[in-house]
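Each chain is listed here by its residues.
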Amino acid sequence: METGRGEEMMKGEKSFGILITFSVMFLFWILLSCIFDAFHLLLGVVCSAIVALASHDLLVRGRRPKILLKSFRLLLYIPWEFWQIVLANLDVAYRVLHPKMPIDPRVIEFETTLRSDFALVTLANSITLTPGTITILVEPERGKFWVHAIAKQPADSLLVDQTMQRKVADVFMEEKHGATLTEKTEDKNGRLG
Amino acid sequence: MEEVEDERIGKNPPWSSDHLRRMAKMISMFLATGLLITIAITLSLYRVVVGPGVFNRTAAVNVIGTKTIVLLVVMGYYFERPYFFDIALLYALINFVGTLVFAKYLEKGELWS
Amino acid sequence: MVLVDAITIAFLGAGLFFLFVGSVGLLRFPDFYTRLHATGKCDTLGAGLIILGLIVHHFFYYPGTILITVKLLFLILFIFIANPTATHAIMRVAYKTGVLPWKLGEGRK
Numbered sequence: 001m002e003t004g005r006g007e008e009m010m011k012g013e014k015s016f017g018i019l020i021t022f023s024v025m026f027l028f029w030i031l032l033s034c035i036f037d038a039f040h041l042l043l044g045v046v047c048s049a050i051v052a053l054a055s056h057d058l059l060v061r062g063r064r065p066k067i068l069l070k071s072f073r074l075l076l077y078i079p080w081e082f083w084q085i086v087l088a089n090l091d092v093a094y095r096v097l098h099p100k101m102p103i104d105p106r107v108i109e110f111e112t113t114l115r116s117d118f119a120l121v122t123l124a125n126s127i128t129l130t131p132g133t134i135t136i137l138v139e140p141e142r143g144k145f146w147v148h149a150i151a152k153q154p155a156d157s158l159l160v161d162q163t164m165q166r167k168v169a170d171v172f173m174e175e176k177h178g179a180t181l182t183e184k185t186e187d188k189n190g191r192l193g
Numbered sequence: 001m002e003e004v005e006d007e008r009i010g011k012n013p014p015w016s017s018d019h020l021r022r023m024a025k026m027i028s029m030f031l032a033t034g035l036l037i038t039i040a041i042t043l044s045l046y047r048v049v050v051g052p053g054v055f056n057r058t059a060a061v062n063v064i065g066t067k068t069i070v071l072l073v074v075m076g077y078y079f080e081r082p083y084f085f086d087i088a089l090l091y092a093l094i095n096f097v098g099t100l101v102f103a104k105y106l107e108k109g110e111l112w113s
Numbered sequence: 001m002v003l004v005d006a007i008t009i010a011f012l013g014a015g016l017f018f019l020f021v022g023s024v025g026l027l028r029f030p031d032f033y034t035r036l037h038a039t040g041k042c043d044t045l046g047a048g049l050i051i052l053g054l055i056v057h058h059f060f061y062y063p064g065t066i067l068i069t070v071k072l073l074f075l076i077l078f079i080f081i082a083n084p085t086a087t088h089a090i091m092r093v094a095y096k097t098g099v100l101p102w103k104l105g106e107g108r109k
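Protein chains in written order, with the working numbering: chain A, 1 to 193; chain B, 1 to 113; chain C, 1 to 109.
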């Protein structure tokens, strides 16, 4: 699958990518096998080198500025997300076990100002793990998200409050000046544009 | 043919018999957990058989895969063999990649374009 | 030692409860998208809680093998990243192919 980004990677970025991929793969090898004699370590070096040469551009795409600060902020964001995961599951358990099953599903759509791959993936994962919403489609050019919400209240917490977008934008330090709130009306077949 | 004494988790530690008795009680608890997980898998099997259309069936197979990973880890503790955890890690990867590949096939009608 | 047993049984019980809620949701909900809501969230947390209980059990009953704890922590991390992604992938394909969402007041699909 070609993304058509057209980024030419320079020699320096390529070897940086290979080095990072090789170190991560070799670290996993040592951690998972925990055998420290020469034969197995040599085997690990060979396998990690082959994998790193073949697929280094999947893991690292050039150098990004301030990556350490972003990782640190990501670590701070994770406890809030765990709390949301617990809340989400209690919410789903309430809806499943209630004899009347109070659901009212709808599809909503909104735009954000996040553009980098990692930020979009983090937001999509967080939306899937929070109460009542699952990401359906992501459009990376304009940062648009289509989200399926299971009732009115989770949909509002994503459209009106925008807590999650603000938190993810804080982690990745991308400017957030007001996402457009569009709850598109659906055409006669129930599909959005 | 002599039995090969394979690696158990933590062999010959200096424990009291009280500790061992408590450990045996906990291990029988894992058998009950495994049986309950199997019942949950059987419940999901209904959706694989009935579910109208291919999407319901794919989602249910993904669910059965996730429960199988948990079952593998619990059985690894019940039988006291540490290699089940590696198998569980591998099966998590297989389940994930299988669902993604199937979704791509359903979208495009072919895998390689 | 009783504390460790109690914590393990608490985690296993909570994990089993969420796994069952996920399966019952798969049976009970009226539409494909809502069923994925139930399983995508509950299955992930249930599996995570059960494996966490087993990590606590392992940490205190088998001292000296830290590597297995690290392996199981990797397994939990992988499940938390992979399960929502697979849910999103199958939901995206269903939406693009034209499966219609359910509205309040329709029959079961």
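Hint data in this document are derived by calculation from the structure and do not stem from the laboratory.
Hints should not be assumed to be uniformly reliable.
Quick look at which bits of chain C chain B covers, simulated, 3 or more residues with Cβ under 8 Å [as the list claims (entries may be wrong)]:
| hint | segment |
| --- | --- |
| 1 | 32-38 |
| 2 | 48-57 |
| 3 | 72-78 |
| 4 | 84-90 |
| 5 | 100-107 |
Owing to the predicted nature of the structure, the values given are computational and were not obtained by experimental measurement.
Ideal Cβ placement from N, Cα and C applies to all residues, glycine included.
Inset, instruction - Report the numbers of all earlier hints that the structure fails to satisfy, in ascending order. - result: Going through the list in order, the structure violates hint 5 alone and respects the others.
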